[in-house]
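Participant: Sequence:
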Amino acid sequence: MSAKSTTVRYWLFKSEPKVFGIEHLRRKGVATWDGVRNYQVRNLLRSEVRVGDRALFYHSSTKDVGVAGEMEVVSEAFPDPLQFDPKSDYFDKGSTKAAPRWLAVKMKYLRTFKRLVPLAELRTDQQLKNMRTLVRGNRLSITEVTKSEYEKICLLGNAV
DNA sequence: GCCAACGTTGGC
DNA sequence: GCCAACGTTGGC
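Residue numbers (numbering that gives the first Met the number 0): 0 to 159.
Derived from the structure by calculation, the hints contain no laboratory data.
Fair warning: this is a prediction, and the values are worked out from it, not measured in the lab.
We treat Cβ as the ideally placed atom computed from N, Cα and C, and that holds for glycine.
It cannot be assumed that every hint is accurate.
[Unchecked claim] Simulated crosslink set (EDC-like; lysine to aspartate or glutamate; CA at most 16 Å straight-line): (1) K105 / E47; (2) K105 / E150; (3) K105 / D63; (4) K146 / E71; (5) K113 / E75; (6) K146 / D52; (7) K13 / D84; (8) K113 / E47; (9) K92 / E75; (10) K107 / D84; (11) K107 / D52.
[Said to hold, decoys possible] DEER-style ranges, computed between Cβ atoms: (12) H23 / D91: 34 to 44 Å; (13) K113 / N42: 32 to 42 Å; (14) S59 / R100: 17 to 27 Å.
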């Protein structure tokens with residue numbers, strides 16, 4: 000078999016750790032990244048995010064905001080089950096199984112950094128301060144990062 | 001809890 | 001298709 004022809008891409012996924020943090024993912028090993036309810040992000044999951052891509056796990060809306068670790072995409076996009084569950088906060092009565100509106104992917108835990116890389120540090124680092132994730136007004140819960148940005152953040156996270 | 005900034009909705 | 005009102009995100 001030939002190697003995959005597509006190049007690995009790098010992403011940053013945001014989540015509120017009170018709802019689902021990297022410790023939840025570590026315990027599960029593989030988890031469904033669900034609850035995406037933004038069309039731009041849905042389109043990324045459908046058309047851009049691929050099996051084998053890497054992603055930084057970013058903790059948002061919490062005391063210590065920043066990048067907590069790494070994970071890997073292990074499934075193509077599939078319909079987010081929560082959109083069909085009337086008991087879920089993510090239920091969408093306008094979505095049907097024939098034409099699902101929202102997508103999810105499965106993510107695999109890779110590692111938790113030795114130290115959380117704080118948002119403030121991303122903003123001041125010369126190599127990172129232009130990350131799309133940090134652009135003022137950005138509200139996407141998934142943004143692409145460059146390989147060099149990704150690797151720099153891993154270095155910062157694994158430094159003592 | 002505040003608030004800036006963006007996304008979504010719906011009347012027209 | 002415009003745009004005001006409302007809802008959500010997310011840092012602080």
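Participant: Does each hint hold? Answer for all of them.
Facilitator: Verification of the supplied hints:
1. For the given pair, K105 sits about 14 Å from E47 by alpha-carbon distance, which is consistent with the 16 Å threshold.
2. Distance check on the hinted pair: K105 and E150 sit about 22 Å apart at the alpha-carbon level, beyond 16 Å; violated.
3. A threshold of 16 Å between alpha carbons decides the hint, and for K105 with D63 the separation of about 25 Å lies outside it, so the pair is violated.
4. Of the pairs offered as hints, the one joining K146 and E71 holds, with about 14 Å between alpha carbons and a cut-off of 16 Å not exceeded.
5. Restraint check for K113 and E75: not satisfied, since their Cα atoms lie roughly 29 Å apart, outside the 16 Å limit.
6. Proposed proximity of K146 and D52 is supported: the alpha carbons are some 11 Å apart, at most 16 Å.
7. A threshold of 16 Å between alpha carbons decides the hint, and for K13 with D84 the separation of about 23 Å lies outside it, so the pair is violated.
8. Under the criterion of a C-alpha separation no larger than 16 Å, the hint pairing K113 with E47 is inconsistent with the structure, at around 29 Å.
9. For the given pair, K92 sits about 24 Å from E75 by alpha-carbon distance, which is inconsistent with the 16 Å threshold.
10. For the suggested pair K107 and D84, the alpha carbons sit about 24 Å apart, so the restraint of at most 16 Å is broken.
11. Using a Cα cut-off of 16 Å, the hinted pair K107 and D52 holds, with the two alpha carbons roughly 11 Å apart.
12. About 23 Å separates the C-beta atoms of H23 and D91, a value inconsistent with the hinted range of 34 to 44 Å.
13. For the hinted restraint 32 to 42 Å between K113 and N42, the CB-CB distance of approximately 35 Å keeps it satisfied.
14. Between S59 and R100, the C-beta spacing of about 23 Å keeps the proposed range 17 to 27 Å intact.
Violation of the numbered hints given earlier is confined to hints 2, 3, 5, 7, 8, 9, 10 and 12; the remaining hints are satisfied by the structure.
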